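Chain residues, written in single-letter form:
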Amino acid sequence: MIPRNRALPSEEKIISVRNLKFVYEGGVEALRGINLDIRSGEFLAIVGGNGSGKTTLAKNFNGLLRPTGGTVRVADKPASELTVAQLSRIIGYAFQNPDHQLFCASVEEEVRFGPVNLGYPEDEVKAKVEHAIEAMDIHSVRALPPHSLRLSERRRVSIASVIAMDPRVIILDEPTTGLDAGETKALMAKVSQLNREGRTVVLITHDMRLVAEHASRVVVMSDGRIVLDSDPRGAFADLDLLRNCSLVPPPVMLLAHSLAKYGVPRDIISPQELVMRIVLGKGDVR
Amino acid sequence: MTGFVDLFTESNSALHRMDPRVKIASVIFLSLLALIISELGYLLVLAGVMVLLLLIGRASFSKTMFAFSYVSRVMLLIVVLWPIFDPSGTPVLLEFGPIKITGPGILAGLATAVRVFCLAAVWYVLMFTTSQRDLVRALVKLGLRFDYGLSLAISLRFLPTFGATVESIKDAQRARGLELDRGGVAKRARNYLAVLVPTTITALKTADTLALALQSRAYGARADRTYLRELSMRAIDYVALVVVVAAFALPFAAKYLLSMPL
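Those sequence lines, one after another, are chains V and X.
Just so you know, we're using this note's numbering here: the first sequence kicks off at 1 and counts up by one.
Just so you know, we're using this note's numbering here: the second sequence kicks off at 1 and counts up by one.
Certain hints may be false.
Unchecked claim - Each computed EDC-like pair below joins lysine to aspartate or glutamate, with the alpha-carbon atoms no more than 16 Å apart:
hint	chain 1	residue 1	chain 2	residue 2
1	V	59	V	174
2	V	59	X	171
3	V	77	V	37
4	V	59	X	167
5	X	141	X	230
6	V	185	V	207
7	V	126	V	109
8	X	205	V	99
9	V	59	V	173
No lab work stands behind these hints, which were simulated from the structure alone.
This structure is a prediction, so every number in the text was calculated from the model and none was measured.
Bound conformation, chain X alone (with noise of 0.2 Å):
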């Protein structure tokens, strides 16, 4: 079975108890800055407040590996085609044919890199340190309607389930002699039929019964609703806002205003 992995690790560190709607924001501000700083010095700065969040949000150690086994991968092309696809400036260390490679060059392949590292890092902190049920609730607090709400956090509460009987229903057509991975194109696209068919009408079997579920407990009863757990935002969450955003608005501003190099 391909395992669905949940990056949420229970705890209680600072971050996982953060109000989860500043959680969100600080995220957005945080790729923001990622992106509008390019010296590498200063994203090797952002890189380290990133190691230091996960440290904080007690991101467990083979989670980290695995989400950033696919990240790191990127990376490494990035720091191996920049320099290729871009002459710009000098010196010129190396040249043959059309290929030219110069120090900017690899500098800037660096810095993308790093702020490729940044960018993950900072969703990863979110993934790490907030449940689904969170976000979902976070998403509501901050307008969008309950119905959406509940679909998303339904179908993302669905999805490891989902995996599991894909595979089921893999097996099942294997053991048939079905051969997934046979043939070309059109043959292939066939074969995946026998999957594409009992999982669509399993999905639409659980979805029946799941809304059943939903209104046999009263779903929609009443238009005003009250929630069980309400947010509420701390003094702590006040500041960590506020730090955040200037730590987004200081830079942005001497960059785009002062004109400093960042």
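One chain only, chain V, in its complex shape (with noise of 0.2 Å):
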């Protein structure tokens, strides 16, 4: 309907989640069974409300966390085999707190940290942060103290940190969060381009219309299982389900839904997909 131009999934799996099971310490069971297969190239959503165990998933996928139960394969290796630093190499994660992430001297500094790290050489390191510096347009504040810049300045920078990393994952955890609608424009805008590009994104957040807007698949977790897995599409169309997970579909969708018995599908996932409905389709609409 609305023309994407969005890099299609291989069928390669990047990463494989089988009967993945986590407990913390104290005896919480965050995820209990997860199955689950990301297909490089894929922009994959991760959405479920506060404590329902995105973040604990993702970090299974990094080796952040271990999980207690289950395997995760990464590029087709078993991820139990890989150090943390091995597996950022094909997995970036950036944190939903930026500040938890920066510390040096200069914006510069901090992208050159992450590659240097992983040993590239010079060269190497250099191209690697120029990509990372042009694809979240951060070239006026590169000789700046990170911690000096606004909040959607240090979100971009954070994520830099790790594209410089060159990794072909790459977890964005709640990106969005505390930026206003024309940051969260901007920076989303940054984020397809990587996935056009060929990246495989995962993007871990509560806001509906980031995903209905650029996502090619959804995951909806809950009370640390997988409930749906669907296109967004699918994913919206259960209005039921999506309110037990606490959350709340684009109200372009609330609309078509109401707009149900005038012959508007309930399918719609954006203003402009709206418009065409109502407008071209006038055989639908009574």
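Starting from two chains that each stand alone, build the complex the way the hints lay out.
Now the structure itself:
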């Protein structure tokens, strides 16, 4: 319907999770048997209420947490045989709070930190840093201390510092929290561009509008389980399920549901689509 | 996440209800008592009293085990090492080369281990039965400036939060390929900069926000503070205080004035 300019996912499973269980030290069961295959090139959104296990799942991908049951395979190798540092070459993880990541005297040094840790030769480090600075559009602040920047810029620096490690998968943990609408739009445009260039993006979020506009696949989590795994259209069709998971579908979707008795289909996910259905699909609307 | 354990357990035992000032005084007197007694038999009696206090204070079993898992290692070390380094007295039980194991040496080691147990237990009883809030309140009532008391209370309150932040920062840097425990001393120290700097900055930001939050709630608006919860000594608190002072003073007098072997 709306032309979507995104790389088609390949068949290669970059992350493959089987019957994953995770129990925190205090005895909290955060994951209760997760099965999930993430294909290379996908834009996957993991959504769910607070405490549903989104972040715990993502931390099991890159070894920050190790499963207490089940297996995680990354690029066809068991993750259990790889260190966090080795996994970080394949999976980049941008934390929710950029202040937990930033510590260098300048943005450029900050972005260099990852690739230098991974031991790339200097010319490759330079190229990767330039690409990351370009991708997150932080040229103008590259010489400034990262902590002096505003939140939206700090977030971009922290994502750039992950991109610079040239990972095939980028995990973004609630990257738009605290950003205004304009900042969110600008950031997500850059993230979509990364996906079009072929990187797998895993977006952890509550914001269903981001999901509708950007993701190619949605995994809904609740109480440590995956309760739904589909494209955004399918995910938004089940209002009750979303409500049970403390999620609110985008307003346009709710409008479409209210207009259903006038013949408007329920699986609308963008305002443009709604307009096209109403204006162009006159036959459907009485 | 390495757990930070708050030893205090909510309950309504006699020790929980005791005035925290009395508890602090008691802990100090009982600690001194454990230090002046050196006979194993009397120390065992004192240890029995400590166990009784733990029971009266309804200390949770898991927290007690956690607390004493460290103390018991120290006790074991003392029991093993003391006789090796203390060759005084007779009978000599064992002798290889310069090492002489004597009966009194073994007893002294045991006594010291029990003393360590008593010292640890009495402070644990205080921690198990007194909330941080009550401790600070008692210190303020005993003459600590309120500002310092508040700072202390806030620091204690933020320790667990701070621990969680440090763990999150470590994770964030590990995800960037940092291996904290690799390399020589200099390399490791440099590695920890990546944790130290964000930790400091986050802490300063938190402190700043907290100061604003305090001011916006009119902290320091009047110099003569009133308190929502006043501490008041009940009869039982006076009784407890007298008992504890006597428990300290009598053995003290017996040992140092009457030269009785204690």
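We went through each hint and held it up to the structure:
1. V:59 / V:174: Cα-Cα ~14 Å, so holds.
2. V:59 / X:171: holds (9 Å)
3. V:77 / V:37: Since the Cα atoms of residue 77 (chain V) and residue 37 (chain V) sit roughly 14 Å apart, the hinted pair holds (cutoff 16 Å).
4. V:59 / X:167: holds (13 Å)
5. X:141 / X:230: Distance of about 9 Å is within 16 Å: holds.
6. V:185 / V:207: holds (12 Å)
7. V:126 / V:109: With Cα atoms ~11 Å apart, residue 126 (chain V) and residue 109 (chain V) stay inside 16 Å; holds.
8. X:205 / V:99: Distance of about 10 Å is within 16 Å: holds.
9. V:59 / V:173: holds (10 Å)
This entry satisfies every hint, going by the numbered hints stated previously.
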